[in-house]
Amino acid sequence: MSIRRQQNWVLWLILLSGVTLTVIAFRFSISWENRSQQLIFQHRVDGIVATLNKELAINIEVLLSLNSLFQSSQHVDRGEFEIYTKSKLARFDTIQALEWVPRVSDDERMGHEQQARNEGLENYVITQGSRAGTMVAADKRAEYYPVYYVEPLSGNEIVIGFDLASNSSRKAVMQEAAARGEVRATTGIQLLQGDLGIMIAVPLFSQDEARQLLGFNLGVYRIARIVSKVFELSYIDPAEFHMKIWDSSTVSGSPALLYSNADESQESATRTYTASLAVAGRTWRIELTPTDQFIAEGGMAGPWVILVAGLLLSLLLTQYVRVLRYREAKVRYLVEQRTQELALSERTTNTIVDSAVTAVITIDKHGSVRRFNPAAEKIFGYASDEVVGNNVKMLMPEPYQSEHDRYLQNYQQTGDAKIIGIPREVSGLRKDGAVFPMLLSVGEARVESDPIYVGTVLDITLQKEAEHALIHAKNLAERSNRQKSEFLNMMSHELRTPLTVILGYLPLLKKAEALPPSETVAAIAADMDASGQHLLALINDLLDLSKIEAGSMRLHREMISAREVTDSVMSKLAPAAEKKGLELVNRTVDELMYADPLRLQQILINLIGNAIKFTQHGTIQVEAELIAGFVQMTVADTGSGIAAEDLPVIFDKFSQIDSSSTRSLGGSGLGLAITRQLVQLHGGEISVTSQLGKGSQFIFTIPVSGGAG
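End of the sequence shown sits at 709 in UniProt numbering; the numbers just go up one at a time, nothing left out.
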């Protein structure tokens, strides 16, 4: 009787506890739902405000980069403005228009208008808006700020020539931007196209000490499009929020409404989020209120589901415990005793295996993994539960994977062991697909007449990598020694030959009473001069290479013409080409590049000089074209070409693809190494393609401007 009473007391306690916990969970769930919805609302509006701030900053950065284009160039023509701004407009669709607005004094007005007509803007005059809403010629004033360049032009033709100074609010913003030398924005303005937007102005000053105001780069933005973009980037449905944007920096002191999508009749008064943003010298106030759609999506069904489910679960749990306790009383003693024995045995085994620093894997007679200790997890990258129950061949690469089942079956039938009992190096397969070397030892045990195979695995990747690293280092050292020896032999030859010529002629010239005929003396002087020039070029190459490697080479870059530099180099090398009957062809376009003129000539002299040296007949052609902010120059010849196996080392400083031909034709072998270094100092790249017997093409790039590289 007492046992039954005790059981009833336990059951009532379980039921009461379940109901109590359910009620607590119900009330907590309601509180959590409210808090969760508040956090979701806060998170989303924070994201909207942050995205709006970032989007405005990105658009201002576009204007600053446009200003940098004007600062880095003496003159930006209409074509350059179009190319640059179209790329920005394609990437940033929140921009209504990008404009260049020069500062034009009244004395310059006629010249300015005539210049615009000469550039193709027929009937161009500086205009202002009339009371009738039409464009008329601007009134006479001290200075004008007409829209001179605008992109996109389509749809914005009406603003060409429009004097922004004719509008007091626009003029005030530009004057403030010029006075402070900073980016400034207008309040909401009615665009000429009819939309409400803002204008952001960036002043452009001359680069001299006077820092005269030259004009403004302007961006015109539709506020509605910016807001739409912000919701799009935030992955938020605009229907979930009522949003208002106010300009708090108006002259009157009263905030001006810039944007609103709010329906006043449906606007919820539960909570409103307010934030302030600094936008190009102005302060915007952002107001966000959740709509009925947002509130409805939050829902409150969860707490009621918890209440009903909790009560049902409490009843079911009470009944389940009643049945369970009845059964438990019968077997408790035997189960507890057996459980303790098994637990002790299992803990002992697990402790031993899991503590092993060596990977331990056990498999059954079918090849299925039964044990996979932590050391094995670390080596193979699998968790134990990903491997246990699967065939062990999942840890093997081919061909071991395909052969494993057949080998295991053959061993069980014949007893012929190839791995079991014999430690050996094999390959393992990690979870990420990496194959690695390992030392495998497999032993066999029997549990209730069934075989169990116990494998220990040692990852020997580090040992193998160390072996390979030693071999690689040895090969590199041997190669470096060979290259240095070849280089020293070549330098010995290159230095000795001109010195021999000079020293050989000196005895003839020392004897004033026995000088050779004047023709012979002239020839001797020419030979000695050529030898001296050769020595000077060799020494200059060595000094240039030393400066580059020491990091002390300095470039003196300026905007230069690719065509002019190529013409200059070809005129210097023309006698050498004519002597061999070669034709020099200059197909370079007249593109400007940002480079050191002397070093660019050195690059071309090295490449064209090599082409002349190794070409017996045909032509040597130089081309240049503009590609993605770089001038790409190509020097092509019809010479002997370069073998494919020599191309990877053609620019190495101690490598010569054919030392015998280099000696016979002259040269230090340093030219291409120096050329590559000079190209890279300019921020460009150089490469070569070649076919034996057909010629070679050396291609290098030089930035068009200082920012390209």
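If you're looking for bench data, these hints aren't it; they were derived computationally from the structure. Hints are supplied without guarantee of correctness; some may be wrong.
Claimed, not checked - Dumping the calculated SDA-like pairs for lysine to any residue here, alpha-carbon to alpha-carbon at most 20 Å:
1) Lys244 / Thr51
2) Lys431 / Lys365
3) Lys365 / Ile452
4) Lys431 / Ile452
5) Lys54 / Arg225
6) Lys244 / Leu64
7) Lys393 / Arg347
8) Lys54 / Glu232
9) Lys694 / Pro597
10) Lys88 / Leu64
Hint by hint, here is what the structure shows:
Taking the CA atoms of Lys244 and Thr51, the gap is about 15 Å. The hint holds against a cut of 20 Å. For the given pair, Lys431 sits about 24 Å from Lys365 by alpha-carbon distance, which is inconsistent with the 20 Å threshold. For the proposed pair Lys365 and Ile452, the alpha carbon gap of about 6 Å is at most 20 Å, so the pair holds. A C-alpha spacing of about 24 Å is found between Lys431 and Ile452, which places the hinted pair above 20 Å, so the restraint is violated.
Of the supplied pair hints, the one linking Lys54 and Arg225 holds, its CA atoms being roughly 15 Å apart against a limit of 20 Å. A distance of roughly 28 Å separates the Cα atoms of Lys244 and Leu64; the hinted pair therefore is violated under the 20 Å criterion. In summary, the hint linking Lys393 to Arg347 is not supported, as the alpha carbons are separated by about 28 Å, beyond the 20 Å threshold. For the hint pairing Lys54 with Glu232, the CA-to-CA distance comes to about 13 Å; that is within 20 Å, so the pair holds.
A C-alpha spacing of about 31 Å is found between Lys694 and Pro597, which places the hinted pair above 20 Å, so the restraint is violated. With a C-alpha separation of about 12 Å, the suggested pairing of Lys88 with Leu64 holds against the 20 Å cut-off.
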